[in-house]
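Both chains are given apart, each in its own frame, so use the hints to dock them into the complex.
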Amino acid sequence: MRGASAAVLGLVLLFLIGPFVVILLAGLSAGDTLVFPPQGLSLRWFAAVLESDSLWTAFVLSLWLAIGSTALALAVGIPAAYALARHRLRYGETARAVLTSPAIVPGLVVGLALLRYFVVPLDVSVLSALVLAHTALLVPYAVRVVGASLANLGVDIEEAAVTLGASRLRAFALVVMPNIRSGLLAAFILGIVTSFNQLPVSLFLTGPGVATLPVEMMVAMEYTYDPSLAALSSLLALMSVAVVFVAERTLGLSRHM
Amino acid sequence: MAEPLLSLSGLRVDFGAGRPAVDGLDLAVAPGEIVSLLGPSGCGKTTTMRVVAGLITPQAGRVWLAGRDITELPPNKRGVGLVFQSYALFPHLSVFENVAFGLRLRRQDADRIASRVGAMLEMVGLTGFETRLPRELSGGQQQRVALARAVAIAPDLLLLDEPLSNLDARLRLDMRAELARIQRESGVTMLYVTHDQAEALALSTRIAVMADGRIEQLGTPEDVYASPATAFVARFMGFETILAVRDGILASASGALGPAPAGAVNGSALAWRPGQVLLGSGAYAGRVEAASFQGESVEYLLSTAAGAVKAEAPARAPRWREGETVSFDLPLAAAARLPSV
Ligand SMILES: Nc1ncnc2c1ncn2[C@@H]1O[C@H](COP(=O)(O)OP(=O)(O)OP(=O)(O)O)[C@@H](O)[C@H]1O
Ligand SMILES: [Mg+2]
Chain A
3 MRGASAAVLG LVLLFLIGPF VVILLAGLSA GDTLVFPPQG LSLRWFAAVL
53 ESDSLWTAFV LSLWLAIGST ALALAVGIPA AYALARHRLR YGETARAVLT
103 SPAIVPGLVV GLALLRYFVV PLDVSVLSAL VLAHTALLVP YAVRVVGASL
153 ANLGVDIEEA AVTLGASRLR AFALVVMPNI RSGLLAAFIL GIVTSFNQLP
203 VSLFLTGPGV ATLPVEMMVA MEYTYDPSLA ALSSLLALMS VAVVFVAERT
253 LGLSRHM
Chain B
34 MAEPLLSLSG LRVDFGAGRP AVDGLDLAVA PGEIVSLLGP SGCGKTTTMR
84 VVAGLITPQA GRVWLAGRDI TELPPNKRGV GLVFQSYALF PHLSVFENVA
134 FGLRLRRQDA DRIASRVGAM LEMVGLTGFE TRLPRELSGG QQQRVALARA
184 VAIAPDLLLL DEPLSNLDAR LRLDMRAELA RIQRESGVTM LYVTHDQAEA
234 LALSTRIAVM ADGRIEQLGT PEDVYASPAT AFVARFMGFE TILAVRDGIL
284 ASASGALGPA PAGAVNGSAL AWRPGQVLLG SGAYAGRVEA ASFQGESVEY
334 LLSTAAGAVK AEAPARAPRW REGETVSFDL PLAAAARLPS V
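Sequences listed follow chains A and B, in order. Take 3 as the starting number for the first sequence in our numbering and just add one per residue. Take 34 as the starting number for the second sequence in our numbering and just add one per residue.
Just so you know, these hints were derived from the structure itself, not from any lab. Careful, some of the hints might be misleading.
[Stated by the list, open to error] Chain B regions said to be covered by chain A (calculated; three or more residues, Cβ under 8 Å):
no. : stretch
1   : 100-112
2   : 131-141
3   : 323-330
C-beta atoms are modelled at their ideal positions from N, C-alpha and C, and glycine is treated no differently.
For reference, chain B alone in the conformation it holds in the complex (with noise of 0.2 Å):
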């Protein structure tokens, strides 16, 4: 990797309840990238986005920005744009004051902050909006003024803070490809804490899984999403299947589901997601809870000896009914291979 823009390095944060919010976070991040911080609510996304911008200062560990140790300097110091889960809109400054803030305080004249914040605003799609007041705005036009107000300053990096967790489903998409568009044209390197795992799948340079305060594991969307290093990534990447291979058996911490495929390896796990479960013959049976239909499939939810698999059929296939039991098979091909359950 070329010399990161941005370099964590066993960052710890204690609130002082609990266990630590960060706990010996490692990251770097090379200039132009797209890193996600992927995980479940309170695994320390926000936190360790808060850090970077200086705005808590870590127990332990640094931060290099430009190769430049950066721990101790004050956020107002680090010309690094934020962007609020919250939005932190300023409530009595219009649209048009609240993208122009960060260019006054770096006292440019008042053509240039009225050229830069109508382009911001065209690129959120909110000219005309430059009057109004915060609360005069839908929370996802809100969500787009922080946006637009963060990338004013033309910062080195990015931080995005669920920045489109707000929009519809069609705005998000545009907004995706904007934020892709955004970071083409000026090279801006970006941290982005996201939920949603297709987001991050079709922005992302690299994904961070988080869990409990650390990385979990960090790699290119298709790693990630093809090969998850840990049970616990599998599951966040929507392997619903996880079984262990105990003396040649299949079997989760409930019971055993039936033989292990030929050449799974003993002591180890394998993870199906729902569509790689195939269902009508093989060496295991499960009896249909629920089946609900989702457009182009069909989602079973079957219970066996292991506890519950989740498999997705095409819609057009035979169904099953609840009740019925089926035969399904686990092929090894489709499975990946984690170290534990």
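Isolated chain A (complex conformation) (with noise of 0.2 Å):
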């Protein structure tokens, strides 16, 4: 019986650390192709990665993106989560169904409907667009997250605050955000790494010298065979566990999700 646990156990990690494994070998060659297993050790694929200019002005797009409709996410869901915690509203469990259901419709065709119907019609900038699609796509994980933290924080508190002289809005500012601290770094996370690894809804939006880092990331792979794509393939996902890791050691990240 134990046996067969650890043996699941290796196989599901396998399956999990398995690619990244084989997608870090391949970025290490020195051949000019991309093949596995690796044909010599060298890190010329990686230096090449990063003198990309292309490549750069993608991933930092993505960044700023990332940052930014998290920002705007956590700006709305904020609010949200605190209406539909504290106040008895008219339809708000049908509030918080949509607020807090990932989007039902496919991303692509979020991607492709924002273009025929938002951004050529309108002449809306593609930049403006791909903010407000992520926004919209972040939404519900900043209402969850931060809804799950003022779940579990008393009322008394605020009301304490209140009654020692504090205005509603202070003693939100003085009370439940220090409280719900970790809450909001978990969200803010959780929505930079959604974000940036978002691909369907991007790949409509683009525009000249506007292509976030995974629409760049597949265009590529169309012409180029060389293992540069697996090299920041695991620059990307080192990154990742770097982010993760922190914010676990720091906030215990995992409780919140």
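Following this line, the structure appears as structure tokens:
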């Protein structure tokens, strides 16, 4: 029995980590084509990726897009989660269901619809459409994670702050915010990672000089056969691991998911 | 009575679940009084406090503080101190910062805050705990921090919702004396919720006994203790035997006990505490169901034709054993006279 579960655990780990190891090794190849096992080891494709202007541009765009849309999603999500948690609203349950369910419409359709009926006819910049789409995508995460933190926090401390002379808004800032801080940071990291890896919605929302990193990578995949993309993927994976590791260490991220 | 500091008239709060939590409540509290709200769980004590603090807007009725109608005034403008039944300490702040919270909102300077917080913590016996977080304190210590925090802002009116419920007997007596001292020295007016009859008797200027969202009786501790106005108050104040007087007979719903004492008014009711029931001789009889030793006294549970009668006799007096039949007397002079059972 013990041996069997250990074997299953091993298989699952292999399944999860295996692809990463394969890609890492492929990216470390010294050869000119993407093959596994690698032909000799070198860091030349890692260097090539870091020197690519178009990839850097896409990376920076993706990063700013992730930070901006997560911040916007929280700006909308915190008050929404607060209203749902603290007030008995008419249609509150309906609002909660809509706000916390992840997008039902496939991302590709959302992206295409935004392009055809929003960006083109209204002459909106592709960048604003991207920010808008990503924000909408992240609001459910923000509402859910912040809502869970609020549910664990009693109303009485806000009331205590108010009887001691704080306005409702100050009570929120002085008493509620500090106590849901780790939930907020969890929502922030979750949002950034989700936005950063998002492909389907972003796919149609590209323009001159505006393409997110996943889109840029997918396009590159069609005409490059060298190991640079494997090297890039490895870098991104390592970055994600580092972020999650730091978050787990400092906040106990897993408690909020 | 002097111009009341707090006055409630016709308060009604309905949460929309069955009968209203507060239902036509009137109360006037003079400056410097300690008025206790005493009553069974769910009778509306906390709800009344929350209305006074401004955390609930009543569906009907007005709240007056120092001659001003504050019914619509937001809670942060009322300057009323509230000690929560649940303590409601700020989990992320140290004991010091919890107590300093209201003072910081009032933008007092650091020296004044430090000395005020120091004095408050000394008052509740928590000097040296300044840097602890609430979760590092026992329930009783948390309760005392909550008290210090509410008193720190020097309110004119202090609302205390069972502020001593989580303390052991010794500490409870100490804190009760401390509250009385705070009242004397600062002149603060207190509205005090408690389940504990002895605490209400010892601390209060007046006691309001509540039932079902209304005040059943309001009076001095002596009044309420000796002359309950209704059977409900009598039962709550420890009158265990309550019997109706009908056609010269003492009776309960389950049967007649015997002839009523001479002078009892037909159609009224009489009530006795266990200690007022005289065992050994008298016009009535009962069988001892249980006898329990209480230290100074023994408590007997008698079963009679009119149901259970509780009696208490000094432990040195002759004892009766379970199963024995004992005669007893219910003296009219000791009885509380009630309009009905
Ligand atoms: N927020 C609320 N929503 C619905 N009903 C409530 C609410 N708060 C109180 N009640 C109800 O109102 C009634 C009075 O409650 P309240 O808390 O005032 O009682 P209490 O006298 O303080 O009791 P306890 O001694 O147990 O603290 C109860 O029946 C309670 O269930
Ligand atoms: Mg209560």
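Just to make sure I understand the rule, a stretch counts as covered if three or more of its residues have a C-beta closer than 8 Å to a C-beta of the chain. Does the stretch 323-330 of chain B meet that for chain A?
Answer violated; 0 residues pass the 8 Å Cβ test.
Has the stretch 131-141 of chain B got at least three residues whose CB is nearer than 8 Å to a CB belonging to chain A?
Answer holds; 4 residues pass the 8 Å Cβ test.
Within 8 Å of chain A (C-beta), three or more residues of the stretch 100-112 of chain B:
With 5 residues closer than 8 Å to chain A, the stretch 100-112 of chain B meets the three-residue bar; holds.
Checked against the numbered hints above, the structure breaks only hint 3 and satisfies the rest.
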